[in-house]
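Residue numbers (our numbering), protein chains in the order written: chain Z, 47 to 276; chain Y, 47 to 276.
Any given hint could be a false lead.
Any copy, or any two copies together, can satisfy a pair, since identical chains are not distinguished.
[As the list claims (entries may be wrong)] Below, a list of computed lysine-lysine pairs in the DSS-like style, where the Cα atoms sit at most 25 Å apart:
no., residue 1, residue 2
1, 177, 53
2, 99, 246
3, 99, 155
4, 177, 99
Simulated from the structure, these hints should not be mistaken for lab results.
2 protein chains.
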Amino acid sequence: MGESPVKLISSFGSTFSHRAEVALRLKRVPYELIVEDLRNKSQQLLTHNPIHKKVPVLLHGDRPPICESLVIIEYVDEAFAGRPLLPTDPHARATARFWAHFIDEKCMKSLWAALWMEPSEAQRRSLVEAKGSLALLEEHLGERSFFGGDSIGLVDIAASVLAHWLGVMEKISEVTVVTDEEFPALCHWARRYVSDEDVKTCLPERGELVAMFSGCKEMFRSMAMAPPQQ
Amino acid sequence: MGESPVKLISSFGSTFSHRAEVALRLKRVPYELIVEDLRNKSQQLLTHNPIHKKVPVLLHGDRPPICESLVIIEYVDEAFAGRPLLPTDPHARATARFWAHFIDEKCMKSLWAALWMEPSEAQRRSLVEAKGSLALLEEHLGERSFFGGDSIGLVDIAASVLAHWLGVMEKISEVTVVTDEEFPALCHWARRYVSDEDVKTCLPERGELVAMFSGCKEMFRSMAMAPPQQ
Numbered sequence: 047m048g049e050s051p052v053k054l055i056s057s058f059g060s061t062f063s064h065r066a067e068v069a070l071r072l073k074r075v076p077y078e079l080i081v082e083d084l085r086n087k088s089q090q091l092l093t094h095n096p097i098h099k100k101v102p103v104l105l106h107g108d109r110p111p112i113c114e115s116l117v118i119i120e121y122v123d124e125a126f127a128g129r130p131l132l133p134t135d136p137h138a139r140a141t142a143r144f145w146a147h148f149i150d151e152k153c154m155k156s157l158w159a160a161l162w163m164e165p166s167e168a169q170r171r172s173l174v175e176a177k178g179s180l181a182l183l184e185e186h187l188g189e190r191s192f193f194g195g196d197s198i199g200l201v202d203i204a205a206s207v208l209a210h211w212l213g214v215m216e217k218i219s220e221v222t223v224v225t226d227e228e229f230p231a232l233c234h235w236a237r238r239y240v241s242d243e244d245v246k247t248c249l250p251e252r253g254e255l256v257a258m259f260s261g262c263k264e265m266f267r268s269m270a271m272a273p274p275q276q
Numbered sequence: 047m048g049e050s051p052v053k054l055i056s057s058f059g060s061t062f063s064h065r066a067e068v069a070l071r072l073k074r075v076p077y078e079l080i081v082e083d084l085r086n087k088s089q090q091l092l093t094h095n096p097i098h099k100k101v102p103v104l105l106h107g108d109r110p111p112i113c114e115s116l117v118i119i120e121y122v123d124e125a126f127a128g129r130p131l132l133p134t135d136p137h138a139r140a141t142a143r144f145w146a147h148f149i150d151e152k153c154m155k156s157l158w159a160a161l162w163m164e165p166s167e168a169q170r171r172s173l174v175e176a177k178g179s180l181a182l183l184e185e186h187l188g189e190r191s192f193f194g195g196d197s198i199g200l201v202d203i204a205a206s207v208l209a210h211w212l213g214v215m216e217k218i219s220e221v222t223v224v225t226d227e228e229f230p231a232l233c234h235w236a237r238r239y240v241s242d243e244d245v246k247t248c249l250p251e252r253g254e255l256v257a258m259f260s261g262c263k264e265m266f267r268s269m270a271m272a273p274p275q276q
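Chain Z extracted, bound-state conformation (with noise of 0.2 Å):
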C-alpha cells in the first residue's frame, strides 16, 4: 500500500485540510493535491465523501476514501513508515487522542462563537469559555516545545488552527483571545510550529487568508453558533 498514489482533495484556507496534508508532508509521503472550490463542490468531493461533502478526503490507492480530519492523521501514521505522529506508549496516545479531540469539541466550539457572533453576553460568555479552554491547553504544554513532545504530533497538528488561523480570525472579527501576557506557551508554540519546514510548505498564506476570511465575515457571522466541522 506504501507505494500506491496518494490523492488528498483539500480546499484553500481549510485547517482541516492542513491537518491532513501536514501530516502527510511530515511523513514524507508524496501526494497530488486536489483543490476543491467549497462553493461549487465537485462531483469527485461529493462522490468520495457522500456523508459528510466535505474536505479532507484522502484517497490512497484503489481503496476507499478516507474522511475527517483526524482519523486521516491517524491513518498517515499507520500507513506509512516515516517519523511517528503518535507515541508509541497506549497512555500517552489515549492521552493525545483525547486533547485533539478537546480541541475541536471544546476550545473551537466556544472560540467560534466567541469570534463571530455579535458583541453580546452570550458573545462574552463563550469568550471566557475559549480562554478556559484555551488555558487547560497551555497547562497541558507547560515548557515543551510541543504537545508531541520534541516534535510535532498529533496534537500539535490538531491545534494548528491555533497557530496560523486564529491570529487572522481575530485581526478580521475584531475580538482578541490570545496574547503573549494570557498564553505565554501557546504563543511560543505557535511560533515554532510556524516556522518548522514541513508546515511551512503547507500554510495558506496570510495575505490571502484575510481576504479569504474578510470575504466570508459576514457569513461567519450569520452561522455563529455553528462551528465548522471536521
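Based on the hints, put chain Y in the right spot on chain Z.
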C-alpha cells in the same frame, strides 16, 4: 502495566460507561467498577475528570486517568492482550474510527432530538435525519454479523446504544425510530449484540433502565437540543 489494577468510574444506565466496561470484558481485563450517582458527583470523579466531569473514567495503575469512551476503548485495545477490538489493517482501522465518530456526531444528535423534542416540524426533521443516518449504518453493516466482522469491535461497541437503549427510549418517548421492516440488518445486529455473553454481563437490566429513563423524561425534553456527550 498489564498487571496494574484497573478501575472504571461509571454510572448506572450510561451508554458511555457501557462502552468502556464492555471493552474491558471483551479483553478479559479484571476491573473494579465504581458506580457514580451523577446527581451527586463524587470528589473522586471531579478529581479524575476535571475537564468534562463525566463518566466513564478509566484508572490504570498510578497513571493519569483516561477519559472519553472512544479513547478508552482504543486504550484498552492497545494496552492489553486478548482479542482485538480494532482491525490491524490501517485502512480498516480508519474506517472503524470514522463510523464510531459518525455514530456520536451524526446519529446520536439527530436521534436524541427526534426522541425527546416536543412534536414539531423540527422534531420531524430530526427524525428524518436520524433515519437517514441509521440507513447509512444499515448499509455499512450489510450482511455481516457485526460491524467488526465476525466479532464485536469498536463500531459495535460505539453503536451499543442502538442495541439496548434505543428500545427503552422509544417506549418512554413514544417515538418509534427503528423497525425490523425498515432496518432489518440493524435489528438482527442488535439481537446478536445483546446476546453476546460478555456484553450481557454489563448491560443494565431493562426494567431498571425503563424506570430510570421514565424519571428523566422531563429533563431529557428540556435539554432535547443538547444530546449527552462522551
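Structure-based check of all given hints:
1. 177 / 53: So residue 177 and residue 53 fail the 25 Å test inside a copy (37 Å) and across (32 Å) alike.
2. 99 / 246: neither (27 Å within a copy, 38 Å between copies)
3. 99 / 155: Answer is both; intra-copy 20 Å and inter-copy 18 Å each pass.
4. 177 / 99: between (31 Å within a copy, 18 Å between copies)
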